[in-house]
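Construct the complete structure from the given sequences, taking the supplied hints into account.
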Amino acid sequence: MKKITDETLNDYIDNQLDGASIQELKMDLDNNEEALKKLKALKVVDNSLKNIEVILAPEGFTNRIMSIIAKGSRKAVSKVSYFFVSVIGLFTALILAVMGFAYYTTASSTPSTEKGYSLNKISEYLAQFVSILQNVFKNQNITTIGMILTILLLISGYYLLESHKDFKNKLKNLS
Amino acid sequence: MRTVTLVWYVRSKIAMKNLSDIEIIDSVNRGNHQDYSLLIDRYKDKAFSLLKRMLKNEMDAEEVLQDSFLKAFSSLKDFRGDAKFSTWFYKIVFNSALTTIASKKRKIEQEMSSYDETFELGYNDNKIYATTENAQGYVLKLVDKLPLRNALVTILFYVDGLSLNEISQVMGTSLVNTKVLLHRSRNALRDLLLKHNYQEELL
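In the order they appear, the protein sequences are chains A and B. The working numbering puts the first residue of the first sequence at 1, with every later residue one more than the last. The working numbering puts the first residue of the second sequence at 176, with every later residue one more than the last.
Since the hints were made in silico from the structure, they are not lab data. Any given hint might turn out to be false.
To be verified - In silico EDC-like cross-links for lysine to aspartate or glutamate, where the CA-CA straight-line distance does not exceed 16 Å: (1) A:K43 - B:D366; (2) B:K252 - B:D300; (3) B:K227 - B:D319; (4) A:K168 - B:D253; (5) A:K50 - B:D335; (6) B:K370 - A:E34; (7) A:K40 - B:D366; (8) A:K165 - B:D253; (9) A:K50 - B:D319; (10) A:K40 - A:D28; (11) A:K37 - A:E7; (12) B:K320 - B:D300; (13) A:K3 - A:E33; (14) A:K37 - B:D366; (15) A:K3 - A:E34; (16) A:K2 - A:D30; (17) A:K43 - A:D14; (18) A:K43 - A:D11; (19) B:K279 - B:E233; (20) B:K316 - A:E7; (21) B:K252 - B:E198; (22) B:K227 - B:E238; (23) A:K40 - A:D6; (24) B:K316 - A:E53; (25) A:K50 - A:D14; (26) A:K40 - A:D14; (27) B:K227 - B:D335; (28) A:K3 - A:E24; (29) A:K2 - A:D28; (30) B:K227 - A:E53; (31) B:K259 - B:D335; (32) A:K26 - A:D6.
To be verified - Just a sample of chain A residues kept apart from chain B, beta carbon distances all over 10 Å, derived: (33) G19; (34) D30; (35) N31; (36) I88; (37) A127; (38) L133; (39) N135; (40) N139.
Positions of the beta carbon are idealized from the N, C-alpha and C atoms, including for glycine.
Right, here's the structure in full:
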């Protein structure tokens, strides 16, 4: 009597056997009551498992996820816009303030016929502004504090970048 | 006018439901975030069934399911379509569930018993047998008693309709080992059926 393995029976259940192997198995089963019993039991298991109950997700689940996504999208958009608006706004305000101040002092101190001369005056004021900044940073204490702050900023920027890369890698690994 | 609009709305909804996963993903990636709800509706129940059986707790299952859908949404742009969406999504569900199990300090090594190990399914067989009326009910109650990996393969195969190849991708196991897990689960259930002569129910 040829031995019928569990693997053959399972492959038969999963339709993994070719025509010749099925014929051979059927012939072998005629002389092997124990294997036939096993096959019948496997069929019962297979049929029962095909009827496993699907447990329904809680009611309103889809809407809940969609509202979280909608909130998240709004937050992401507003975060980006706030960031850009504040950075651009700061720079614009600074440039406008310097130019406005320069223009105001030039216009009040020069006659209207000498408008071409005003441009030179503006650049002079800008140069003065730069030299004031240079004088401020000549002070050793301010320079030291500035250096420490820059180093701290660079280190925190590095860790922020690394954690962002790590998070992106985790997401990629999931995919 | 209202009727026409309503008919158009219903028709478009039906048309959307017939879209393939990839078509829905393309639409979501083009900015139609609302279409993601179609994918949620398509997979939420089967994934919830899997999680509830894995985590044995409805609240944990719901939390992990929510987390999985949000993770899938946030990395949907990275989905390259090499594998089916279902395989990719179940991988996220599976890994999220493992993280939850680990965080709850359950003995994961014990639960995630290796496919090389044999397992004893009949330790509370008498109790289960006494409370069931037929073979099907008996088998379904025993599925919950299977070791985690075995139960997972069985559920993914029978409930979620994944092929053995897809299951091996989800679980990160080889195809041969996945097949072994499924066969062992069925054989264990079969042996208990034979013990109670339930195979005769087929006749």
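Hints, one by one, checked against the model:
1. A:K43 - B:D366: holds (12 Å)
2. B:K252 - B:D300: With a Cα-Cα distance of about 48 Å, the restraint between K252 of chain B and D300 of chain B is violated, given a limit of 16 Å.
3. B:K227 - B:D319: holds (10 Å)
4. A:K168 - B:D253: Given that 16 Å is the threshold and the Cα spacing comes to 10 Å, the pair holds.
5. A:K50 - B:D335: holds (10 Å)
6. B:K370 - A:E34: holds (13 Å)
7. A:K40 - B:D366: holds (11 Å)
8. A:K165 - B:D253: holds (14 Å)
9. A:K50 - B:D319: holds (15 Å)
10. A:K40 - A:D28: Holds, at about 15 Å.
11. A:K37 - A:E7: With a Cα-Cα distance of about 15 Å, the restraint between K37 of chain A and E7 of chain A holds, given a limit of 16 Å.
12. B:K320 - B:D300: Distance ~10 Å between K320 of chain B and D300 of chain B Cα, so the pair holds.
13. A:K3 - A:E33: holds (12 Å)
14. A:K37 - B:D366: holds (10 Å)
15. A:K3 - A:E34: holds (10 Å)
16. A:K2 - A:D30: Holds. K2 of chain A to D30 of chain A sits at ~11 Å (cutoff 16 Å).
17. A:K43 - A:D14: Holds, at roughly 10 Å.
18. A:K43 - A:D11: Status holds; Cα separation ~12 Å.
19. B:K279 - B:E233: holds (15 Å)
20. B:K316 - A:E7: Roughly 24 Å between the alpha carbons, so the hint for K316 of chain B and E7 of chain A is violated.
21. B:K252 - B:E198: holds (13 Å)
22. B:K227 - B:E238: holds (11 Å)
23. A:K40 - A:D6: Holds - the C-alpha atoms of D6 of chain A and K40 of chain A are around 12 Å apart, at most 16 Å.
24. B:K316 - A:E53: Measuring from Cα to Cα gives roughly 11 Å; hence the hint holds.
25. A:K50 - A:D14: holds (12 Å)
26. A:K40 - A:D14: The hint holds at about 14 Å.
27. B:K227 - B:D335: Judged against 16 Å, a Cα distance of about 14 Å means the pair holds.
28. A:K3 - A:E24: Given pair K3 of chain A, E24 of chain A holds - Cα atoms ~12 Å apart, limit 16 Å.
29. A:K2 - A:D28: holds (7 Å)
30. B:K227 - A:E53: holds (12 Å)
31. B:K259 - B:D335: The given pair, whose Cα atoms are some 13 Å apart, holds under the 16 Å limit.
32. A:K26 - A:D6: Given pair K26 of chain A, D6 of chain A holds - Cα atoms ~15 Å apart, limit 16 Å.
33. G19: holds (21 Å)
34. D30: holds (17 Å)
35. N31: holds (18 Å)
36. I88: The claim holds: I88 of chain A sits with its nearest Cβ about 25 Å from chain B, beyond 10 Å.
37. A127: Non-interface label on A127 of chain A holds, nearest chain B Cβ at 49 Å vs cutoff 10 Å.
38. L133: holds (44 Å)
39. N135: holds (50 Å)
40. N139: holds (48 Å)
Violated hints, listed in ascending order, are 2, 20; each of the other numbered hints is respected by the structure.
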